[in-house]
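Asker: Residues per chain are reported as follows:
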Amino acid sequence: MQETVTNVGSFKPLAVAMVALGVAACASVPAPTAQMAVSRTAVEDAQRAGATEHAPVELRDAQSKLSEATAAAARHDNERARRLAEEAEADARLAEAKAQTAKARAAAAELQQGILLLRRELERKAN
Amino acid sequence: MSRSFAIPILVLALAGSGCASIPEDYPPLANARSDYRAAATNPQVVELAPLELKKAERTLQRAEALQNENADADRIDHQAYLASQRARIAQEMAARRAAEYAIEQADAMRKDILLQARNREVQTAASEVRAARAQAAAAEMRSEALEARVQQLQGALEQAQMPETDRGYVLTLGAEVLFDFDQADLKPGAKLLIAKIADFLREEPSRYIAIEGFTDNVGSDAYNRSLSERRARAVEDALVAAHGIDPSRIETRGYGEAYPVATNATPAGRQLNRRVEIVLASDGRPIVGRP
Numbered sequence: 014m015q016e017t018v019t020n021v022g023s024f025k026p027l028a029v030a031m032v033a034l035g036v037a038a039c040a041s042v043p044a045p046t047a048q049m050a051v052s053r054t055a056v057e058d059a060q061r062a063g064a065t066e067h068a069p070v071e072l073r074d075a076q077s078k079l080s081e082a083t084a085a086a087a088r089h090d091n092e093r094a095r096r097l098a099e100e101a102e103a104d105a106r107l108a109e110a111k112a113q114t115a116k117a118r119a120a121a122a123e124l125q126q127g128i129l130l131l132r133r134e135l136e137r138k139a140n
Numbered sequence: 541m542s543r544s545f546a547i548p549i550l551v552l553a554l555a556g557s558g559c560a561s562i563p564e565d566y567p568p569l570a571n572a573r574s575d576y577r578a579a580a581t582n583p584q585v586v587e588l589a590p591l592e593l594k595k596a597e598r599t600l601q602r603a604e605a606l607q608n609e610n611a612d613a614d615r616i617d618h619q620a621y622l623a624s625q626r627a628r629i630a631q632e633m634a635a636r637r638a639a640e641y642a643i644e645q646a647d648a649m650r651k652d653i654l655l656q657a658r659n660r661e662v663q664t665a666a667s668e669v670r671a672a673r674a675q676a677a678a679a680e681m682r683s684e685a686l687e688a689r690v691q692q693l694q695g696a697l698e699q700a701q702m703p704e705t706d707r708g709y710v711l712t713l714g715a716e717v718l719f720d721f722d723q724a725d726l727k728p729g730a731k732l733l734i735a736k737i738a739d740f741l742r743e744e745p746s747r748y749i750a751i752e753g754f755t756d757n758v759g760s761d762a763y764n765r766s767l768s769e770r771r772a773r774a775v776e777d778a779l780v781a782a783h784g785i786d787p788s789r790i791e792t793r794g795y796g797e798a799y800p801v802a803t804n805a806t807p808a809g810r811q812l813n814r815r816v817e818i819v820l821a822s823d824g825r826p827i828v829g830r831p
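Chains as they are written, first to last, in my numbering: chain A, 14 to 140; chain B, 541 to 831.
Bear in mind the hints are in silico, worked out from the structure with no lab data behind them.
Nothing here was measured: the structure is a model prediction, and the numbers come from that model.
Hints may contain errors.
Said to hold, decoys possible - Pairs of lysine to aspartate or glutamate, EDC-like flavour, derived with a Cα cap of 16 Å:
id	chain 1	residue 1	chain 2	residue 2
1	B	727	B	661
2	A	116	B	687
3	A	116	B	661
4	B	651	A	134
5	A	116	A	74
6	B	731	B	687
7	A	138	B	640
8	B	731	B	744
9	B	731	B	661
10	B	736	B	661
11	B	731	B	776
12	B	736	B	706
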């Protein structure tokens, strides 16, 4: 049942588990397979959105956290792997949003510039 | 608070486990709070990215709950980091949606501008068509009026009496047919009349002619003589310049108010006195002066 643990709503069952198991949390936490997949997809989404160009710092953070998470999972440091994967997902989503914002802003500016030129052109024609 | 009853149990369970208590202004949490506050106080975020903002808020609450529970710094840092990133995501989403809204507006505005321009063009074209039609109608009216005038003049010429006197044939033309009031330039309509006279002179190349101007008695004698002289000369000039009539065949005189043909006491009489007489001498004979 703890396979379904993700970044949302994980607090209570996890806390209960920790209470039950004392300090030795690591061993009991399952590998964050689903979270890793979600994070990987988020990184890919960000790249597709143009984050390489528009949000290189956030994208690099996401990528390095994702590979750290993979390494941690390989060491069965599942708790650390889950946290890194969650952070990688957040970084990737931020990178994607930034890229999309940048593109939307550029498009808006271009359109507004186009309107300006159009107005000027029409005024010139009218005179 | 909305935190579950599990918290006190946890606090009890972890009490005395040696965890250092996390201070209220713990930097990662303080950062998360300020990032969240920046998003939550941005009206654009509240309006355009409410779900993302809510997610950031829940994550921040989770981080604060962990602090209250004296949880490990790692776990608090992690949630605080997620809260910060989610607050930033909310900001970005709001900015992106605002930009998309601007795109929609700009697009609508562009279409509106083009539509207005097209309407203006159509209106301009329509008013040009209207102006052209009005012009054509006016031109038609003018040409009709001109035609009527020509016919009137032609009629006047045909009906003009050319009584033969001892000086020759005399063609009398009312001054108003040839000239505007007090002017010595031929009216456009008079040209046709002059052309007719020129035709006649060409057909009868051995006739001499006299062109004599007369006025009524209004105004000074000197002025009237001058005006009638200039008018007679205008007729001569037209015959010579426009129709190639030999000037040596033509004499001009301005008699002013002399030789009235009617009384100057009435407007109708004065109108008759204002005239130009064209005297066509008998074939081959010189012009005989007035007695």
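Asker: Would the pair residue 731 (chain B) and residue 744 (chain B) pass a check requiring their Cα atoms to be no farther apart than 16 Å?
Answerer: violated, 20 Å
Asker: Residue 116 (chain A) and residue 74 (chain A) were given as a pair; does the straight-line alpha-carbon distance stay at or below 16 Å?
Answerer: Cα-Cα ~21 Å, so violated.
Asker: Is it true that the CA of residue 116 (chain A) sits at most 16 Å from the CA of residue 687 (chain B)?
Answerer: violated, 73 Å
Asker: Given the hinted pair residue 138 (chain A) and residue 640 (chain B), is their Cα-Cα distance within 16 Å?
Answerer: Judged against 16 Å, a Cα distance of about 31 Å means the pair is violated.
Asker: Given the hint that residue 116 (chain A) pairs with residue 661 (chain B), test it: the Cα-Cα distance must not exceed 16 Å.
Answerer: The given pair, whose Cα atoms are some 35 Å apart, is violated under the 16 Å limit.
Asker: Keeping to a limit of 16 Å between CA atoms, is the pair of residue 731 (chain B) and residue 776 (chain B) held or broken?
Answerer: holds, 12 Å
Asker: Does residue 661 (chain B) sit within 16 Å of residue 736 (chain B), going by the straight-line distance between their CA atoms?
Answerer: violated, 51 Å
Asker: Given the hint that residue 727 (chain B) pairs with residue 661 (chain B), test it: the Cα-Cα distance must not exceed 16 Å.
Answerer: violated, 42 Å
Asker: Check whether the Cα positions of residue 731 (chain B) and residue 661 (chain B) lie no farther apart than 16 Å.
Answerer: violated, 44 Å
Asker: Given the proposed pairing of residue 731 (chain B) with residue 687 (chain B), does the C-alpha separation stay at or below 16 Å?
Answerer: holds, 13 Å
Asker: Residue 736 (chain B) and residue 706 (chain B): Cα distance at most 16 Å?
Answerer: violated, 23 Å
Asker: Checking one constraint from the list: CA of residue 651 (chain B) to CA of residue 134 (chain A), max 16 Å. Satisfied?
Answerer: OK: residue 651 (chain B) and residue 134 (chain A) at ~15 Å, within 16 Å.
Hints 1, 2, 3, 5, 7, 8, 9, 10 and 12 from the list above are not met by this structure, while the remaining hints are.
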